[in-house]
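Visitor: For reference, the chains in residue letters:
There are 4 protein chains.
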Amino acid sequence: MSTQPIIIVTTGGTIDKAYFDALSTYQVGETMVAHMLKEARVACPWQLVDLFRKDSLELTDDDRATLRQTVAALESDRVVITHGTDTMIESANALVDVASKTIVLTGALAPARFSESDATFNLGMAFAAVQCLPPGVYITMNGQVFRGDQVRKDREQGKFVSVTS
Amino acid sequence: MSTQPIIIVTTGGTIDKAYFDALSTYQVGETMVAHMLKEARVACPWQLVDLFRKDSLELTDDDRATLRQTVAALESDRVVITHGTDTMIESANALVDVASKTIVLTGALAPARFSESDATFNLGMAFAAVQCLPPGVYITMNGQVFRGDQVRKDREQGKFVSVTS
Amino acid sequence: MSTQPIIIVTTGGTIDKAYFDALSTYQVGETMVAHMLKEARVACPWQLVDLFRKDSLELTDDDRATLRQTVAALESDRVVITHGTDTMIESANALVDVASKTIVLTGALAPARFSESDATFNLGMAFAAVQCLPPGVYITMNGQVFRGDQVRKDREQGKFVSVTS
Amino acid sequence: MSTQPIIIVTTGGTIDKAYFDALSTYQVGETMVAHMLKEARVACPWQLVDLFRKDSLELTDDDRATLRQTVAALESDRVVITHGTDTMIESANALVDVASKTIVLTGALAPARFSESDATFNLGMAFAAVQCLPPGVYITMNGQVFRGDQVRKDREQGKFVSVTS
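Chains as they are written, first to last, in our numbering: chain A, 547 to 711; chain B, 547 to 711; chain C, 547 to 711; chain D, 547 to 711.
The shape of chain A in the complex, shown without the other chains:
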């Protein structure tokens, strides 16, 4: 409904976890976002800003300030952010006063490189939400759309839960 490109800012998180056999460890790898958007044959303009490759528990206050500056400086007013789920809400809070942009954070409980993953569905949700919602900060995860200031993570259940303020 808009002709501005949708910008996707990647920060790392489970969604981009890869397996490095030589090290026998899993780490955030090259982002899978472009791969998913091509597989989805996305026909509207989009651009990728590859910002961090971190577990979200490793993101510092400085990182969040950088994220905030990066997003605020974007020309487009439609921004999707891929992010680890552990501190997604903290980053949403750090973005709350960015004016006149629709910002949607999303991520995944299972890496996009897995054959069974919630990554593609969640990214699709973010892509629709960023086009449908008024300016503000939102989170789309596992079939649900949350306002960034009305959500908490229930780590035991492994899901996000709505909080009425």
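Pairs involving identical chains hold if they fit within one copy or between any two copies, as the list cannot separate such chains.
Straight-line alpha carbon distances no greater than 20 Å define the calculated SDA-like cross-link-like pairs of lysine to any residue that follow:
hint, residue 1, residue 2
1, Lys705, Cys590
2, Lys584, Ser661
3, Lys600, Tyr572
4, Lys705, Pro591
5, Lys705, Arg587
6, Lys647, Leu620
7, Lys600, Arg614
8, Lys600, Thr571
9, Lys600, Gln615
10, Lys584, Gln550
Keep in mind the hints are simulated off the structure, nothing from the lab.
With chain A held as given, fit chains B, C and D onto it using these hints.
Guide: Relative to the frame of chain A, chains B, C and D by itself:
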């Protein structure tokens, strides 16, 4: 943002095409929607209404009347419809006067059973759009959100295109 | 165990079926064999000979003569052939008198482009069998290894069955 | 070619690595072998012996003694073992004097749960090799078949290499 279940009405189309080796043919098979929603670990309530298993070129005026009645009779005001792309717009038009429901049609250019498919992304988009948009009829395909009365299919390019009325 | 490259001759069949949305039909598409071998990180030398793109029911006697000539003329004595299952046995018979080569035919009941398919497993079997077996013609399908002259297809059960001569 | 069931003994390794979001760690999870064999529509009899769920670096001498006893006690003379790649060769050596069985070790460089993985291809290779080869211990990885006493792992290149004794 709503506590009503999201209803998904399946009508067939490429999204649910399966391969039947005994017949060496592809036909609409059992719907993949529940499989995709489970893989996406969808945490909000949803219900499936398995209405048709047809190529959308085979859908008749009677079928569209049945679709319209089925959707109008649903208690929930949030309805996703999976549908073949060839006549998705005709069905959107047939649903235009259903009052006070948000209805989102989606489908796929490649079957959900393929390892490379736009199905899951499109379904994720529909799931977000149906929660974010006001009552009306919409189509979500390949990264784009269309109003049901402002879209046409460009068959040569294999994509939907916005039409300003 | 050999340093000669393994040659894979493709003839079409379900294993390489693709979906062409513009035509709403399934046809044999570009072969998936190279994709599967790269995903399997195959570390021994191999070459692809892209011979036919046919349903195996469409293969003619002339085609089988061409297949026989092509295989006989290969420098390597280790040859895998991907083939539709309906007439795989006829082609095996046509290859029986090719001297001093190990020839393994394989295929799939579900296209390699599907996320759930027997294609990769069957191709892996063929790759091992062609390195382990003495000269002769063999078929590997769905966990089983058959001599080309001691097998028939049970179309109702959708599987190959051993026949003792 | 045999009517005895093929026994698959699982010991863990990368092939069965899963991601546990609640812990943000990867560990050996429930084995994917049965899933892969069903997807491959394996039509010959097989049985699963779920022995260990360990990184192969964690396998002790006691574990290898247990593995040896378990394999030696099996009624079938066709045994596939899934195993981490780091110490696959040590386990192959520990099995060398098991009499009159064909034993094939296999594994993967990328977890079977990944959409891009060598797991299914390698398992297919093992399934064919165990039916085609005379009694002895073998390794099938990434397109290659090795005798268990004529192979070493080149960790830098991430692959197995033949060693002539």
